[in-house]
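Q: Here the protein sequences come in this chain order: A and B.
Residue 298 in the working numbering sits at position 110 of the first sequence, with consecutive numbering throughout.
Residue 206 in the working numbering sits at position 212 of the second sequence, with consecutive numbering throughout.
Please note that the accuracy of each hint is not assured.
Stated by the list, open to error - A short list of chain A residues far from chain B (calculated; beta carbon distances all over 10 Å):
hint	residue
1	Met197
2	Gly227
3	Val253
4	Ile339
5	Gly347
6	Arg393
7	Met431
8	Leu490
Stated by the list, open to error - Covered stretches of chain B, as calculated for chain A (at least 3 residues, CB under 8 Å):
hint	region
9	196 to 210
10	396 to 402
In case anyone wonders, no lab produced these hints; they're calculated from the structure.
Glycine included, C-beta positions come from ideal geometry on N, C-alpha and C.
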Amino acid sequence: MAYFILKRMVQSVFVMLAVAFLAFSLFQFVGDPITQMTGVETSFEDQERLREELGLNDPFIYQFVRFSGNMLQGNFGFSYRTRQPVADMIADRVPATLELGFVALIISLLVGVPTGVYTALKPRGALTQIILTTTLVGVSIPTFVIGIMLIFIFGVQLGWLPTFGRGGTLQIGSWGSSLFTLDGWRALLLPAITLGVYQLTLTMRLVRAEMMEVMRSDYIQFAMARGVPMKRLHYKHALANTMIPVITIIGLQFGGVIAFSIVTESVFQWPGMGLLFLESIRFVDIPVMGVYLVVIAFFFVLVNLVVDLLYVAIDPRLRIRDVS
Amino acid sequence: MKTLKLAFIIGAISLTALSASAETFRWASKTDPQTMDPHAVNSAPVLSFLNNIYEGLVRRNKGMSIEGSLAQSWAPLNGENGWRFNLRQGVTFQNGSTFNSEDVLFSYERASSEVADVRSWFAPVKEVRAVDDYTIDFITNAPNPLFPDSIANFMILDKDWAEANGAELPARDAENFATMNVNGTGPFTLASRDPGIKTVLVSNSNWWGKVEHNITSAVFTPIGNSATGLAALLSGEIDFIQPIPLQDVGQVESRDGFKVLEGEETRVIMFGFGHEHEKLLYSSDVTGANPFQDVRVRQAAAHAIDIASIDRVLFRGKIDGASQLVPAGISGYSETNSSRPAYDPERSKALLSEAGYPNGFSFGLKCPNDRYINDEALCRAAASMFAAVGLKAELNTVPVREYWPQLRKDAFDMYLLGWSPGTFDIEHPIRFLMSTPNSEKKLGSWNFGGYSNQRVDELLPDIQQEIDPVARQTMVDEVVGITQAEVAYIPLYTQPLIWAAKENVNLTQRADNFFMLRWVTVD
């Protein structure tokens, strides 16, 4: 087990280095950070001096090695835009994104699982058809349109919920949380729904497909024949077996939710990592962009590692193969 | 007992009265100021924001002209080139320390240091002398009538405060104390700063000036997405936003309780040519030559543009055509050269034939797509107008972060540019856009096409030094006349300024797009 984890961790470092390398090679084409950092009247000599100070004249490989070397030592550098330490900026924004992703995931499960079960058990019902069609429409509309629609209906027309920002947050140590104030929840609701819509449809369809599969299996048919009450059959025997693959996939999707919250964060001016990344692109803030991509890669790697470890824990055959 | 109760009631009433007049004002804009350090970045979002906190020797009033701020008066020096500023007495910084000439001298040294981004303002300055506590002399290399105008955004910070906190110099690639903290003399001071999320200012009760606003605290939120910003205004979460997109004007106006504020920025939008290029880079039919080097071809391009249609279709009637690189009202604006080339496609075609291109030719037109209002749409419209006379523009639009590097690399045949004169004087575009590029003398640094005219170069130093306004205007008129005759650029129009606010908010829209909290009242 320890060997397996170690092997995976070594692999993970390589994955993150590869991401950093790719990101860095792309940064050569995003534009010139110096013209974004200085005013129109700054002379070329001053621009050139700044470029030299920031090491932008160094060969690409040298810049990359310096960046990864600093990262490995825990030195994330300073933002070109705000001059703040990048580590602080990311750390400030991580809670917002994680909470948003987490609540979006909960919403998608709370709605997606019951509707998935319902549509599997009543495949020909009228309500099933309505649910399937509406959710299909939900995924086909781009996220930003859904967000703007929600803002317009619940923020502008009805005035029930705030249209931007995070509302009041409660500071717990270095973690600024929206989850403990009413204001925070009000601000969280619309972006979380927006981000959760796609996830919701996916969850629902997965649950539905798995459930229908399970319902066709021999042991369910057999239990049915033995006269096990339908309620017990559906919610104890069938649902439990449905959820195992579903949870795996949902877990993996969580990394995606974090990474792709960019659009939602932009529409709601949600002060998370995605918004920070967008602002950084606009200003060619290379240090922040680099660290962001590596952090996101780290999330993916971490989630995958946890999922793999869960497999190993569940399935003894994997352990035997690993040792041999 | 009774009196005590009465006193309590009166106290409670006066307390409510007080809180009714105490206003929290919330506003939003697209870009967060990058820093709170007034000398670190010479960009409009930073200078506009910090003008509420810090003050300079002089400041601009609602009509953009110069008035005293920390200096009560100023005059040219006798027997020497330069200016003497008499400072205001009894002014204190927000931390309570006294303002005097030592702070001005310190701020000058800080702002003109190598790491300061605003040092170009002090290029003509040879020496600065504090004569006494409330008198300071700026000695210039040559007579410089424009100097007071050019330092309207030169903000003064407290010497002792900066030294005590290790902020003697602006931070360029790391933060220092002044990046996140302030100590100015201005009408507002910083209560909290959360970069990119929220910045809170509070009224400075010890401010020396006459208070015209009724705001106790002001909350600024950057909102990058225009639709989100508009929704925040319409839902009542913010009181004011700058700017809003043109297409949203109707939506704001149609709602009760909101208003749109329209004005003109001092920014002129224009097309530039690759004067210096020996051949076209993006042409499919002209090789080895650059037709734009022929003035007739440039004239043809100028006559092909129909500003009235652009105004009607793209700008909902909110723009004015421009004849020169500054709009009317800017000092030095040339009244004698105020007419722009008429829209005349027939004449364009004739001029092209005369120049040897009866069927026109193709060329590359480069434009930004996120820098000016409707920039991409404008270039599309212009390309079709050019095509109507035979000038087949291959349009290539890029985000601004790639745009400037590409222009610097000469990757264009024709390009779009907007220019707002930082000094509000025509000398500014002459220096940056019309002078022959010369990095040593810091001339023509935004003259991407390398336009060059000996007479213009000759006149610039005289324009910079001439004290007599009539003599100076004669020289300016000559320069504008030359550049118009040679079609150095095609000035198109003055960019509109469109802000939106709640009905009960009164504010002043200044032509430099700066937003001053001290002129805001909330009814």
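Q: Going back to the hint list, which numbers does this structure go against?
A: Hints 2, 4, 5, 9 contradicted; others consistent.
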